[in-house]
Amino acid sequence: MISRRAFITYLGAGTALLGGVLALGWWQVDGPGADRPLPAALPLPLSEMSFAMQDHTGADVSPQGLVGKPSLVFFGYTFCPDVCPATLSDISRWLSELGPDAAQLNTVFITVDPARDTQKAMAQYMGYFDPAIRGWRGSLAETDKAVAGFRASYELGEGPDYAVNHTSSVFLFQADGRFAATLDLHEDPAQALAKIRRVME
Amino acid sequence: MKRTLFAFAFAVFAGLPALVAAGQNGIIVEQAWSRASMGESRPGVAYMVLQNTGSEARILTGVETGVAMMPQIHLTTTDANGVSQMAPAGDLEILPGAAITLEPGGLHIMLMKLKQPLAEGENYSLTLVFKNGDNVEISVPVLSATARGPAN
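One line per chain: the protein sequences are A and B, in this order.
Every letter in the first sequence is one number past the one before it in the working numbering, and letter 116, counting from 1, is 116.
If you count the second sequence from 1, you need to add 1000 to reach the working numbering.
For the record, the hints were derived by calculation from the structure and aren't laboratory data.
Don't take every hint at face value.
[Unchecked claim] Which stretches of chain A does chain B cover? Using the computed rule of at least three CB atoms under 8 Å from a CB of chain B, they are:
id: 1; region: 84 to 90
id: 2; region: 119 to 129
id: 3; region: 163 to 173
Where is the CB? At the ideal position from N, CA and C, for every residue including glycine.
Given only the sequences and the hints, what does the whole structure look like? Please build it.
Structure follows, in structure tokens:
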């Protein structure tokens, strides 16, 4: 004969075990443990990233130099026919919607294809978009360090007209350099602007 | 001829914009546009909406144009981590009554190895190649390098 107290303990343990099994099942079938890509880790604060590049005018730039203003940063390459120009157009539009406030924002396009995107190519390409957008380029090693800091990724294709798979989200950082949000190509423009305005307040 | 008339009637009925091309096979193309090319060596791109007003499925197998040596239909996909990649889209089936949309961040015609710059304000000719041999030739207007859609 088990005591009442032991019975309650067993009942409690049994309930907890059942709950645990159910939770595990949910985790593996429907929850975050389900078989789908895990969300990428969040980008480091800009102040903790470490890479050195030049902008499309040849000036030395670094992620630390962005701290002090909110920043929009994204990766791409100038031979990209679809996503990159569309993203640059979106950003140009957001900047024009912001009007004079746009001056309170850093906007940076970092190439993941420094072999083709020479400084000259970057300077020519950036000329098509809002002049506030800076085009950054570094060596392959520095590009890799930048990509790692943003927890982004890229992969160069093959052949003479290779394409580059790359993280196409736009990263939004607060003025103190901490990561705030991502914006993507299919985002409603009003919502994207709201996110940007929020970090500018 | 009957089909062309039908397609035309449909276009008028639906109040579609002026930039409409109707093929013999019931395919209507609207909202075609290209972004002005940027520099000599970068690939161009074209977008449009293809509507099948016919009674049979149509299969788009490719494109031809005098402005590029290697025009290809590509699909951009973006995974859960926000990584985008492009790959040839292969044959595209358009069911009767259905439409496919080529737009930034999805299906697009990639104009590789441009033979001439695509200048804003110009138009160029592009042929959509269908499996049944009824090809559709359209005129694609070139919009600005920062255009985001057919309306601007």
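- Query: Counting residues of the region 163 to 173 of chain A that have a beta-carbon nearer than 8 Å to any beta-carbon of chain B, does the count reach 3?
  - Reply: Our answer is that it holds, as 6 residues pass the Cβ test (under 8 Å) against chain B, meeting three.
- Message: If you count the residues of the region 84 to 90 of chain A with a beta-carbon closer than 8 Å to a beta-carbon of chain B, do you get 3 or more?
- Response: holds (count 5)
- Query: For the region 119 to 129 of chain A, does the count of residues with a C-beta closer than 8 Å to a C-beta of chain B reach 3?
  - Reply: holds (count 5)
In terms of the numbered hints stated before, the structure departs from none.
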